[in-house]
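Whole structure, please, built from the sequences with the hints as guidance.
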Amino acid sequence: MEEPKLLLKVSNIKKYFPLERGIFSKSSGWIKAVDGVSFDIQEGETVGLVGESGCGKTTLGRTILRLLEPTEGEILFQDRKLNRLNAEELRKFRPKMQIIFQDPYSSLNPRMTAGYIIGESLAVHGIAKKRKERGEMVENLLERVGLSPRHANWYPHEFSGGMRQRIGIARALALKPKFIVCDEPVSSLDVSIQAQIINLLKDLQEELKLSYLFISHDLRVVGHISNRIAVMYLGKLVEIADKEELFTNPVHPYTKILFDAIPKIGVMERKKKETKAQLPVSYNGCNFYPRCPKGVQKCTTEAPRLEKKGENHFVACHLA
Amino acid sequence: MTERKETLLRIKNLKTHFFTDEGIVKAVDGVDLEIPPKETLGIVGESGCGKTVTALSIMRLLPAYGKIVDGSIFLKRRDLTKLQEKHFQEIRGKEISMVFQEPMSSLNPIFTIGQQIEEAIIFHQGKTRKEAREIAIRMLKDVEFPQPAESINKYPHQLSGGMQQRAMIAIALSCEPELLIADEPTTALDVTIQKEIIELLHKLKEEHSMSILFITHDLGVISQIADKVAVMYASKIIEHAEAKEIFNNPKHPYTIGLLNAIPQIGKNEGRLQTIPGQLPNPLSHIEGCRFHPRCFFAIEKCIRNEPPLEDIASGHKTACWRQKIVNKNSWIEYSKRYKNGRT
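Sequence lines, in order, name chains S and A.
When we follow numbering that gives the first Met the number 0, the leftmost residue of the first sequence carries the number 0, and every step to the right adds one.
When we follow numbering that gives the first Met the number 0, the leftmost residue of the second sequence carries the number 0, and every step to the right adds one.
You can trust all of the hints, since none of them are fake.
Sample of chain A residues with no beta-carbon within 12 angstroms of chain S, all distances over it, derived:
1) VAL68
2) SER71
3) PHE73
4) GLN88
5) PHE110
6) LYS126
7) LYS129
8) PRO307
9) LYS316
Straight line, CA to CA, 20 angstroms or less: simulated SDA-like cross-link-like pairs of lysine to any residue:
10) S/LYS128 - S/PHE92
11) A/LYS338 - S/GLU142
12) S/LYS263 - A/GLU45
13) S/LYS255 - A/GLY219
14) A/LYS338 - S/ASP202
15) A/LYS202 - S/ALA260
16) S/LYS308 - S/ALA319
17) S/LYS242 - A/GLY265
18) S/LYS242 - A/LEU271
19) S/LYS263 - A/GLU244
20) S/LYS263 - A/GLY265
21) A/LYS243 - S/ILE261
22) S/LYS255 - S/ALA319
23) S/LYS255 - A/GLY265
24) S/LYS201 - A/ILE264
25) S/LYS201 - A/PRO275
The hints are simulated quantities; they were obtained by calculation from the structure and are not laboratory data.
Just so it is clear, CB atoms sit at the ideal spot from N, CA and C, and this is done for glycine as well.
The following block contains the structure:
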């Protein structure tokens with residue numbers, strides 16, 4: 000195999016939201032949505048990002064694209080420091096990185112036709128200034144995602160959920176990106192349609208050499224599409240490893256609990272297992288301690304760091 | 000039939016139609032179901048297949064433009080469709096109760112959960128507020144609320160999603176119903192919480208010896224909870240069998256397609272098997288078998304005549320003209336043939 004090329008490297012990225020806002024009020028505290036995350040993505044690779052709702056996966060995805068400004072940390076994209084770019088430089092960079100949103104119902108403007116939605120960025124970035132040229136490119140894109148050119152004149156409400164998500168994908172592809180953040184792209188779709196979209200994303204990746212950061216709470220989907228998987232809990236990565244390694248040899252207790260909770264088809268397992276389900280609180284120790292079945296004293300005072308435990312396998316746990 | 004167990008709920012040829020401006024939507028179009036006591040029946044299907052409308056028809060909670068146009072729903076010996084609303088109120092919440100998908104929007108934000116549990120107890124059992132409160136605390140203990148006596152005064156927004164769903168279940172069970180209808184009760188929850196709720200429902204089913212009608216789109220969830228499974232497609236049941244049988248030996252092309260479309264961990268690298276096409280438009284009428292436009296096995300007969308739901312083995316029913324040749328292996332073979340035929 001040829002040497003994989005580094006596409007994106009994120010170092011110690013943080014995104015804090017102030018708890019109090021207003022004209023005079025000083026922030027009384029911070030919500031640490033993303034709290035020191037580091038990882039990288041190679042060219043043509045899919046990194047899956049899993050975690051429960053509210054763990055910061057979406058915030059992380061958006062911060063990497065600078066749709067949200069990072070509080071701290073460095074984002075290296077094709078050897079450029081993304082976090083240092085000013086607005087104008089960033090705009091020129093935008094075509095290389097795109098995003099596909101979760102909800103195909105609210106992420107498409109209901110007043111615009113599919114053709115306009117897909118072609119808009121082509122016009123904005125001056126790639127296809129002439130109408131006719133743009134129309135042709137839009138038609139190609141529609142066909143590429145499994146729709147037909149006549150759909151260009153349709154409005155979002157005329158499409159089904161799966162077709163809308165295809166428009167979202169076509170829009171992301173329009174500028175020939177290298178990297179796409181897929182933020183729960185199939186979560187709101189039915190099973191039979193979900194499989195179609197996953198296959199489409201895989202085909203496109205192979206054909207266009209795309210890299211994906213694939214965000215999902217569905218481990219089955221992430222497990223299918225990813226090369227590597229990162230597990231996130233309360234703003235921090237707790238484990239990251241190659242897919243096969245992670246599924247056969249999960250180390251972090253949270254990863255284990257998460258895998259254990261996936262409903263397995265055709266397997267009836269009705270044994271009861273104790274997991275302390277409390278709303279976790281943030282403090283200096285390990286974020287997972289309140290729910291951890293194994294926690295020790297050290298976990299309450301010192302947050303574990305992501306450390307190498309095997310080939311390509313990193314875990315943040317004192318007990319690993 | 001060796002043992003004659005009285006069926007708790009028997010639905011016969013239920014047809015529920017929605018009368019909309021664009022036309023009539025046959026949301027449920029001839030559904031037959033039976034639920035024996037102490038059994039969990041799972042209904043599984045994709046959005047718009049009629050699974051929720053079936054539940055709402057039983058509970059008589061249909062929107063104003065929806066109407067049961069044919070069929071009967073027997074709870075033991077009484078036909079619910081023939082009851083007056085006044086009498087039905089004595090059944091809803093007492094003999095049959097329901098848990099909804101989104102706990103946040105189903106609970107009333109301006110009352111404490113205690114008040115919301117007590118309401119049903121006072122209405123149906125004629126208890127005083129004080130007695131009702133004691134029962135409510137017991138219910139919260141049953142659904143494994145930490146510190147039930149304090150939690151009872153909390154408002155819904157003070158609870159997490161999982162706790163809200165537990166409160167919903169406490170309300171539903173407060174009058175010891177014989178049938179609990181759970182409509183996607185875990186869909187809005189995280190997997191770890193989902194698992195807890197499923198385990199809780201198992202426990203409560205045993206303790207309260209009730210039946211559950213469990214509705215979901217997630218085949219994984221259904222395999223964890225159901226004794227029997229009914230698969231719905233386009234307003235009809237197309238396969239019905241013991242849960243094990245459905246997962247090990249599915250016989251309808253749609254059921255097999257659904258199972259194949261789910262990514263399995265550690266298995267099937269490469270492409271997922273898919274069902275071609277889209278879900279049918281609810282306003283359109285499909286001649287013959289409703290699944291034929293998306294089916295690899297379709298022949299002339301499937302396009303012309305609608306197959307009935309027939310017994311093919313003991314307790315295993317399927318609605319397919321081609322059931323003799325349909326199985327997991329032939330599905331893969333036919334899907335390849337289908338794709339080659341098109342290109």
